[in-house]
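Peer 1: Using my numbering, the letters of the sequence shown correspond one by one to residues -18 to 272.
Don't take every hint at face value.
To be verified - Here are the simulated SDA-like pairs of lysine to any residue, each with C-alpha atoms no more than 25 Å apart in a straight line:
id : residue 1 : residue 2
1  : Lys(-15)  : Ser239
2  : Lys30     : Glu150
3  : Lys(-15)  : Phe102
4  : Lys(-2)   : Asn11
5  : Lys162    : Ser145
6  : Lys49     : Leu22
7  : Lys134    : Leu173
8  : Lys(-2)   : Glu32
9  : Lys(-15)  : Lys94
10 : Lys2      : Asn15
11 : Lys216    : Ser239
12 : Lys162    : Ser239
13 : Lys(-15)  : Ser145
14 : Lys2      : Val(-14)
15 : Lys158    : Ile198
16 : Lys158    : Asn15
17 : Lys(-15)  : Lys162
18 : Lys94     : Gly63
19 : Lys(-15)  : Gln214
20 : Lys94     : Ser104
21 : Lys134    : Arg156
22 : Lys94     : Asn82
23 : Lys(-15)  : His56
Claimed, not checked - Quick list of the computed label-pair ranges, beta carbon to beta carbon:
id : residue 1 : residue 2 : range
24 : Asp23     : Glu105    : 49 to 57 Å
25 : Lys158    : Asp108    : 23 to 31 Å
26 : Asn154    : Ala194    : 47 to 55 Å
27 : Glu153    : Phe192    : 18 to 26 Å
28 : Asp108    : His40     : 30 to 38 Å
29 : Phe188    : Glu10     : 42 to 50 Å
30 : Ala194    : Gln3      : 25 to 33 Å
31 : Asp29     : Ala157    : 40 to 48 Å
Just so you know, these hints were derived from the structure itself, not from any lab.
A virtual CB, placed ideally from N, CA and C, is assigned to each residue, including glycine.
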Amino acid sequence: MGTKVNIMDMQVDLLTKETLKQEMQNFLENETVNVAHVISLDYMDAYDKNELVRESLAHADLVLPGEKAILTRHHVDVLETGGMAVDYHAELELLSLANENNRTIYLVLRSEKEAKMVYRFLSENIDRDQIVGIYVADGEVAEESLINDINMKLPDIVLLSMESTEQEEWLENNRAKVNTKLCVVIGSVMPLLFRENVPGPKWLKKFSEVFYAVIVIGFFGFMVIYGWELVMQQKMLNEMGTALRIPMTIIGFCVPLSGVLGITGTIQSFLEYRGNVAISDDTKAEGGNEA
-18 MGTKVNIMDM QVDLLTKETL KQEMQNFLEN ETVNVAHVIS LDYMDAYDKN
32 ELVRESLAHA DLVLPGEKAI LTRHHVDVLE TGGMAVDYHA ELELLSLANE
82 NNRTIYLVLR SEKEAKMVYR FLSENIDRDQ IVGIYVADGE VAEESLINDI
132 NMKLPDIVLL SMESTEQEEW LENNRAKVNT KLCVVIGSVM PLLFRENVPG
182 PKWLKKFSEV FYAVIVIGFF GFMVIYGWEL VMQQKMLNEM GTALRIPMTI
232 IGFCVPLSGV LGITGTIQSF LEYRGNVAIS DDTKAEGGNE A
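Generate the whole structure from the sequences, applying the supplied hints.
Peer 2: Structural data, given as structure tokens:
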């Protein structure tokens, strides 16, 4: 289920997450280059009268809201509760389809900083090996070099972020030249990604892991110590259960035992399943004028 809404004289696609997922699947199965713009309110405000931008959006297969502020007048909370895709989170998370169907992604980004942040964000949803190329423009895109690299690696999806209106010009000039199935334009929502996905410093991540271990083991240690004191008190008073008439020490012993098992499980998590408790900061980038 989906519809178009008119916002600042621009047609924006409002789709349920399921409908958007189906649209993405259809794009990835056909042989033409499909384009989906994910736009911000600032972008709409700045370029609503720009002919190149309006033409680029008109030619796009989808124009999707990149932030909830775009849909303020359309009861965005109700829409979100109803399963509608109302911001970039819902839309970029659909790139997990690449993971499900072994699709590949090529990133075209403005800077190394942007590349690291997007790479980290995508790594939460897809296998990193499916990111086949990362091109960092740093303000100057060598079009032929970039197009040749894309066509050599044959990605299913190109994620494009350039300065507005450079990305619209690049699409206008090269949409017919690139060998891909879906181009997702995210340049205008990059400031949102930066604000909402800022990684903490490495020392803080390491401290957080140690702090987590200390707090959890400390809590279970408290259970062991005071649980054992409870057992000793019950034994000294020879307490019996009122219903089953069994020694309360049998029940009380469950408290220190739970603490021991909790400490053992926490240590096992750090030793054998570190990825489940560690805060990852791993990023990578590759290529020639590529990060």
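Peer 1: Could you run down the list of hints and mark each one as holding or not?
Peer 2: We went through each hint and held it up to the structure:
no.: 1; hint: Lys(-15) <-> Ser239; verdict: 56 Å, violated
no.: 2; hint: Lys30 <-> Glu150; verdict: 16 Å, holds
no.: 3; hint: Lys(-15) <-> Phe102; verdict: 28 Å, violated
no.: 4; hint: Lys(-2) <-> Asn11; verdict: 20 Å, holds
no.: 5; hint: Lys162 <-> Ser145; verdict: 22 Å, holds
no.: 6; hint: Lys49 <-> Leu22; verdict: 9 Å, holds
no.: 7; hint: Lys134 <-> Leu173; verdict: 29 Å, violated
no.: 8; hint: Lys(-2) <-> Glu32; verdict: 30 Å, violated
no.: 9; hint: Lys(-15) <-> Lys94; verdict: 34 Å, violated
no.: 10; hint: Lys2 <-> Asn15; verdict: 14 Å, holds
no.: 11; hint: Lys216 <-> Ser239; verdict: 19 Å, holds
no.: 12; hint: Lys162 <-> Ser239; verdict: 54 Å, violated
no.: 13; hint: Lys(-15) <-> Ser145; verdict: 23 Å, holds
no.: 14; hint: Lys2 <-> Val(-14); verdict: 19 Å, holds
no.: 15; hint: Lys158 <-> Ile198; verdict: 58 Å, violated
no.: 16; hint: Lys158 <-> Asn15; verdict: 13 Å, holds
no.: 17; hint: Lys(-15) <-> Lys162; verdict: 23 Å, holds
no.: 18; hint: Lys94 <-> Gly63; verdict: 35 Å, violated
no.: 19; hint: Lys(-15) <-> Gln214; verdict: 70 Å, violated
no.: 20; hint: Lys94 <-> Ser104; verdict: 15 Å, holds
no.: 21; hint: Lys134 <-> Arg156; verdict: 16 Å, holds
no.: 22; hint: Lys94 <-> Asn82; verdict: 29 Å, violated
no.: 23; hint: Lys(-15) <-> His56; verdict: 15 Å, holds
no.: 24; hint: Asp23 <-> Glu105: 49 to 57 Å; verdict: 25 Å, violated
no.: 25; hint: Lys158 <-> Asp108: 23 to 31 Å; verdict: 28 Å, holds
no.: 26; hint: Asn154 <-> Ala194: 47 to 55 Å; verdict: 54 Å, holds
no.: 27; hint: Glu153 <-> Phe192: 18 to 26 Å; verdict: 51 Å, violated
no.: 28; hint: Asp108 <-> His40: 30 to 38 Å; verdict: 32 Å, holds
no.: 29; hint: Phe188 <-> Glu10: 42 to 50 Å; verdict: 47 Å, holds
no.: 30; hint: Ala194 <-> Gln3: 25 to 33 Å; verdict: 44 Å, violated
no.: 31; hint: Asp29 <-> Ala157: 40 to 48 Å; verdict: 27 Å, violated
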